[in-house]
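Going line by line, the protein sequences match chains A and B. Its first residue numbered 98, the first sequence is counted upward by one per residue in our numbering. Its first residue numbered 281, the second sequence is counted upward by one per residue in our numbering.
Result set (DSBU-like, lysine-lysine): computed pairs, CA atoms no more than 30 Å apart in a straight line: (1) B:Lys-669 <-> B:Lys-626; (2) B:Lys-626 <-> A:Lys-438; (3) B:Lys-471 <-> B:Lys-307; (4) A:Lys-104 <-> B:Lys-550; (5) B:Lys-724 <-> B:Lys-579; (6) B:Lys-602 <-> B:Lys-550; (7) B:Lys-550 <-> A:Lys-438; (8) B:Lys-673 <-> B:Lys-724; (9) A:Lys-104 <-> B:Lys-553; (10) A:Lys-104 <-> B:Lys-579; (11) B:Lys-626 <-> B:Lys-673; (12) B:Lys-602 <-> A:Lys-438; (13) B:Lys-658 <-> B:Lys-626; (14) B:Lys-658 <-> B:Lys-724; (15) B:Lys-626 <-> B:Lys-724; (16) B:Lys-553 <-> B:Lys-579; (17) B:Lys-307 <-> B:Lys-506; (18) B:Lys-579 <-> B:Lys-602; (19) B:Lys-579 <-> B:Lys-669; (20) B:Lys-506 <-> B:Lys-471; (21) B:Lys-550 <-> B:Lys-579; (22) A:Lys-438 <-> B:Lys-547; (23) A:Lys-438 <-> B:Lys-553; (24) B:Lys-579 <-> A:Lys-438; (25) B:Lys-657 <-> B:Lys-626.
Simulated from the structure, these hints should not be mistaken for lab results. Treat the numbers as computed from the prediction; the structure is a model and nothing was measured.
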Amino acid sequence: MQMVSLKRGVSQNMGFATAVLLLLVLYLTYNMMHPRGFSSAVAIQNSNETVAIAFVAMAQTLPVLLGGLDLSVGAVMTLTNCVASLLLNGSPAQILLGMGLTLLTGTMFGLMNGLIVVYGRIQPIIATLATGAIAMGLALLIRPQPGGNVDDDLGWALTNSVWDLADTYGFADGGDAWWLRPFADIPVPFLLVLFVAIFVWLPFRRSVTGRTVYAIGSAEGAAYMSGLPINRAKIAAFTLGGFFAACGGLYLAIQTSSGNADIQQAGAYTLNSIAAVVLGGTSLLGGTGGAIGSLIGAMILRVISFYFRILDIDPLLQPLIEGLVLLTAVSFGAFRTLRVKNQLDLFR
Amino acid sequence: MTEAIVEYRGISKFFAGIRALEGVDFKCRSGSIHAILGENGAGKSTMIKIMSGVLQPDEGTILLEGKPVTFSSPQAANEAGIVCMFQELSLVPDLSVADNISISHPPRRFGLIDRRAQVRRAEELLARVRCEDIDPNALVRELSLSRRQMVEIAKALGRDPKVLILDEATSALTTRDVQTVYDLLGDLRDKGVASLFISHRMHEVDALCDTLSVFRNGQHIETFAKGERSEGEIVRLMIGRDVEAQFPPRPPQPPETLRDAPLLSVKGLKWGKRLNGIDLDVRRGEIVGLGGLDGQGQKELLLALFGVLRDVEGDVRIGDAKGIPSSPAAAKSAATRLALVPEDRKTEGLMLGMSIADNLLAASFANISSGPFINPKKAQAEILSGISKLQIKAGSPADPVMTLSGGNQQKVVIAKWLMINPDVILLNDPTRGIDVGTKQEIYKLMRSLANEGKAILFYSSDYAELIGCCDRVSVLYAGRVVSEQEGDAITEESLVAASLNIGIEAA
Numbered sequence: 098m099q100m101v102s103l104k105r106g107v108s109q110n111m112g113f114a115t116a117v118l119l120l121l122v123l124y125l126t127y128n129m130m131h132p133r134g135f136s137s138a139v140a141i142q143n144s145n146e147t148v149a150i151a152f153v154a155m156a157q158t159l160p161v162l163l164g165g166l167d168l169s170v171g172a173v174m175t176l177t178n179c180v181a182s183l184l185l186n187g188s189p190a191q192i193l194l195g196m197g198l199t200l201l202t203g204t205m206f207g208l209m210n211g212l213i214v215v216y217g218r219i220q221p222i223i224a225t226l227a228t229g230a231i232a233m234g235l236a237l238l239i240r241p242q243p244g245g246n247v248d249d250d251l252g253w254a255l256t257n258s259v260w261d262l263a264d265t266y267g268f269a270d271g272g273d274a275w276w277l278r279p280f281a282d283i284p285v286p287f288l289l290v291l292f293v294a295i296f297v298w299l300p301f302r303r304s305v306t307g308r309t310v311y312a313i314g315s316a317e318g319a320a321y322m323s324g325l326p327i328n329r330a331k332i333a334a335f336t337l338g339g340f341f342a343a344c345g346g347l348y349l350a351i352q353t354s355s356g357n358a359d360i361q362q363a364g365a366y367t368l369n370s371i372a373a374v375v376l377g378g379t380s381l382l383g384g385t386g387g388a389i390g391s392l393i394g395a396m397i398l399r400v401i402s403f404y405f406r407i408l409d410i411d412p413l414l415q416p417l418i419e420g421l422v423l424l425t426a427v428s429f430g431a432f433r434t435l436r437v438k439n440q441l442d443l444f445r
Numbered sequence: 281m282t283e284a285i286v287e288y289r290g291i292s293k294f295f296a297g298i299r300a301l302e303g304v305d306f307k308c309r310s311g312s313i314h315a316i317l318g319e320n321g322a323g324k325s326t327m328i329k330i331m332s333g334v335l336q337p338d339e340g341t342i343l344l345e346g347k348p349v350t351f352s353s354p355q356a357a358n359e360a361g362i363v364c365m366f367q368e369l370s371l372v373p374d375l376s377v378a379d380n381i382s383i384s385h386p387p388r389r390f391g392l393i394d395r396r397a398q399v400r401r402a403e404e405l406l407a408r409v410r411c412e413d414i415d416p417n418a419l420v421r422e423l424s425l426s427r428r429q430m431v432e433i434a435k436a437l438g439r440d441p442k443v444l445i446l447d448e449a450t451s452a453l454t455t456r457d458v459q460t461v462y463d464l465l466g467d468l469r470d471k472g473v474a475s476l477f478i479s480h481r482m483h484e485v486d487a488l489c490d491t492l493s494v495f496r497n498g499q500h501i502e503t504f505a506k507g508e509r510s511e512g513e514i515v516r517l518m519i520g521r522d523v524e525a526q527f528p529p530r531p532p533q534p535p536e537t538l539r540d541a542p543l544l545s546v547k548g549l550k551w552g553k554r555l556n557g558i559d560l561d562v563r564r565g566e567i568v569g570l571g572g573l574d575g576q577g578q579k580e581l582l583l584a585l586f587g588v589l590r591d592v593e594g595d596v597r598i599g600d601a602k603g604i605p606s607s608p609a610a611a612k613s614a615a616t617r618l619a620l621v622p623e624d625r626k627t628e629g630l631m632l633g634m635s636i637a638d639n640l641l642a643a644s645f646a647n648i649s650s651g652p653f654i655n656p657k658k659a660q661a662e663i664l665s666g667i668s669k670l671q672i673k674a675g676s677p678a679d680p681v682m683t684l685s686g687g688n689q690q691k692v693v694i695a696k697w698l699m700i701n702p703d704v705i706l707l708n709d710p711t712r713g714i715d716v717g718t719k720q721e722i723y724k725l726m727r728s729l730a731n732e733g734k735a736i737l738f739y740s741s742d743y744a745e746l747i748g749c750c751d752r753v754s755v756l757y758a759g760r761v762v763s764e765q766e767g768d769a770i771t772e773e774s775l776v777a778a779s780l781n782i783g784i785e786a787a
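Same shape as in the complex, but just chain B (with noise of 0.2 Å):
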């Protein structure tokens, strides 16, 4: 075994008397991949804000390439050559890519910074993840998630890292840019990095990863090189317990004669060049997933049916309301009754520093007054039953919601919407950045919301999650649905052959 380039002896760190991490010994060599496995709150995150200077600890030493090391900042980490892509993008919105690419260490002329030189720089790092097709003179607040995503993995790159951690760095990506970052991992393995990657999704660890570190309840749990354990074992040793089958099962669809009428029906939808007449039908008891490529429209597919997108055109029923609500206070009122999980949670889902109880609130106060003022009474029920429906995680409902940990906040989104007893639930990549325990909770209460007779339109970016959960899955390929699988029939190879149209390409 090589030498370990970073070593943690007895690593501890607590939170207001709460331990985040206990007496961890870890190592890591050059030269590898290594998957940080663990569910949320487990310390994976505690462990890696240590290691890239955010947080320090308070008992124990931590060794780089043999010499004990203290980070008192991210920038004195990243002057070591550890460099770390968070979940939560550290870019600046408002600055442009190349800015961005070269925050702390931009090329510079007379001491000043050489943008000419900073836009070639960014050129070249963006063509080394093939992200050609971002100009660097744009704002990062223009692009798409994923886009930003590459961003970052290119201006960690341009920081030559010794240490390269991605923490949740592909969970937002397109396929064809999560096999781009793979071969870029490769590459710096080749070439002596440590990798550290931390993801939720096991497919991607297996195919990725050369040695795997389990984390549970804030200690490390155990390490050992790719194989030597099967996939249960991981789970089991992640969760502390036997899981049983990842995906409830899928009840049997009546025969298309029988079928009911869609309660949600969208004809040749249109909006600027986005969406280009999209037709779509859910109907109650069924998940109806979205597939393709990230940036096919399906996330504006489901805002213009919240109504957040204006001038849209085509015909939409939802019900017996004809017609696209005018906005989300519409979308949610009792005509369509429509529910929208969306895209970022820290930032359209919650309102991160108020209380679990408001935020569970917060779509349907009309339910829970008397008049114009609150009912507490009625307002403490409704907390108290979302809670428990969900199963969430919290000391008090009182708590900020930041303090809950990723999962039980999406956990919290997803109940506010449910306490408007909706009819249709949009639900926009709901289990992005969460432990498999949350997730695998999500898919089951999904399929039982779709038994009660709700309308489920769901959109995915992990194609497992849309063969394991749909009904029927529509694949967007440039603003129009190309492709329509039902049952048994969705596997990943027609999912991936549909959201590449080659179907089409080839006629």
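Okay, chain A solo, but in the shape it has when bound (with noise of 0.2 Å):
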């Protein structure tokens, strides 16, 4: 019986399966190759690289799940980032305040964006479109130049391992206490965005609000005429987008002390968000996937570039490269095709 609902998990989730697999072999093969490989300094640079890609393609899913796009992710990323970088100072608690405001700065954007999708009745994707150029506005105009005043403690504590936040903070007897060993050497970014996942997405996905984003993007008439809370589903989805792409503009700030209004990088950020979720098995018709795909997706976009690095590849021969092995992975969702029976499936 187990391995029956163990098949199925597997089957009804093959795009899910396939991305965990090619992380795996990816990332233990990059290990393998670089000389400190299997390292906590290794995993804490990768991680620290790899969060807000992962917080901006958690914050695409739930956009993608209903059927839509939503192309302000990393505009809102680059605005709280830089509404960060102002205010990430002073005593703690003030610090505290800070990463509030920043997290509810993305969150109203994307109730913001909920609100024009739903009684706008704009399509998602034109409606971003705006509103990120909007946000990219707003950011320019808090942030001018590159530059911030972020809290130093902060920022080495929370981009390093375990062991140095509690010692910097000075708990569990500054980080030596036994039962803060065995995790003392995993990234402290690592378990942020797996706090986050666990705490903000998997309750979400257990909601009802959360099936009702999943019944639109599958059949939303049929979602309609079951009594489900569409335009609920949809606000809350766009709000929550909103607020994972802050978690990632957050954590930027932390991570390089600084805020940056970069229109280029805000760009790069929302495009690579779209591979991830679709590398991660969401489809982009909606309906099927979810955030810890994209996750996966994230980690293996952020892994194929670490590669360059040890490879000694040309930079120049860097977006080639990187586009030849997206069109790759993205095609093993493709071999699907090749077993159906019957060619009427394919159009489902």
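Each chain sits in its own coordinate frame; assemble them with the hints.
Spelled out as structure tokens, the structure:
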């Protein structure tokens, strides 16, 4: 019985299973090729570089599940990055307040996106193209030049291992307590992403609102006829997307100790978030997939770029190779069509 | 007479100035099964959509248990105890059966959906509709249409309705499931539930309902108890005129020795586990029916012949061409000239948002093109001949096909395929969910096409159609032909017996 349900779970989440496998293979190979592979230092560096795109990919997942696209996720991340670069300093209470305000900014922006899509009856892709430009404009007003003032301790503590975190803030005997030892080498950024995924995404997915998001992407008419709260779910999806994007912006500010209203960077994050979502097994048609998959997808994208460093590839070749690898990875999804016996299933 | 649970007072509804319902007064009682009869376009759907909160009336009031109510959404109607099962199923394909059954009010723990309780609940409800074979964890998209309808019924049951509306809810069901639904509705009636039952099958209405209401042209014509009027009178009320015999007469078949060689000949057709060696012949001028319980391979057989399935084994000969077509495009080509009227007209038969004209031409662009361009004159001529040949009731060929009623939509599908002048016509339940008048037109058309020398293979889930229309019927069981019946030997008893494969089970 266990075997049967496992088999069903894999076959119903083929894209997700493929992504996990691909990530494992890529990352293990990478560590084997790396001179200091399988060390805490490498893991910390890697996870620091992955956090922002991971959060932005999770943000993109929600509109995609509805059957739309959000072109503002990169811009919202940039906006919140700039907000955070102003607020993350002073007393601990002030810093916490600054974090709260940063997350609130992104969440409210997402809420605005949702309200525009639902009550303005505008398609997500075009609505967020416009609001994305607005977010970018606000970011430039806040931070015409790159820069910022982020608390140094915070920057150190959240971008290193658990031991460093405890050491910086002097809890658990400065990181030497026996109960902390099993976790001492784990990178904090990795735990932050995991924490948000487990305590924000998973409960959402198991709520009626979350299920409604899936139902809308799968068959909106049926969802309406079943008496599901369609408008609430759409607004909630965009709002949560804004929250995830803000998590990304907040972390970027902590990591770089600055804010930077870089239009190109925002655009690149948005496009990469779509790639990560698809790599993670979420259908662009909506209704299937999830944010955990996108997390995996974002990690795959980043691991591919890590290879450039250890293989000493000419930076000019990077976009070309990245494109080819991405195309290959996404093509794995097309293999299922070779097994389809009823050709009508290809169109469903 | 007990008190009315739902009462309509002077309900009217207009769409862009066109009247869909006019001044309807209507009552239905608790503890009854109430049939709503009428042709497509008579206003039944509008009336039900108003009751279930999908549409709001332009005039008039609805009383629920004596109190005026307004439902702004299906959610509001659900909460008041009015549950509707629509013809277009309200299931979400990418969610599991259990998710769908408890979709809007799932069991929860700590505010989150409790999956285990949800599966248990689904199992209980599926057991009540005697569908223990459906796995609550399966995705709805993996189920056949008839299974989906049973899930839909289980879902409706789970909402503890006071008023249950079944809109063509039995159209795709197997005989066994239909019986289950009858029993269930009987139980619900005894518990005081009011059921509104919409069906185009008179024998279902006759077997099930205690009260009948007839609608025509957006008006409530009459309500009466079962048995007060004969079937003929009811049909006359529905269409407002007399009807001739339901099925066209069957021409006598030539004796065995004088028959032509078959146009379509199938031997040992196999596909996966669903088709296990089918043997079948269809001659020119013949209508051959496919009988049997739902899901015995009838649909797969039609799809296989039309080139939709991969890795099909067996000998197929269509005219002079040997072998199975590799795709629908190959199937309709000059060598085989096959046409298939598919099961689901809304997704496989039509491009709903496109115009009637574009839909009609979709299969025959080769015939109406000059070089790479569509020749507008030829196209126009074909469109007009298609519309007049099938008497499609449409405002303009440029209107989107979704503005047509179900019966007229199906006519567009059929007309589209007749344009390629097919030799072999495969029909997959072509009369599902369409009104009596159009059904009769389709029966007549089938017979006249056969008389023109076409070979017709016809699957229907309605035994009466197989008995009335077909020259021969092949009954399928577990992907194999278990019985062939001919002419007057085709009866309901013989079909049911063969469907259950009783002869072989006993041996």
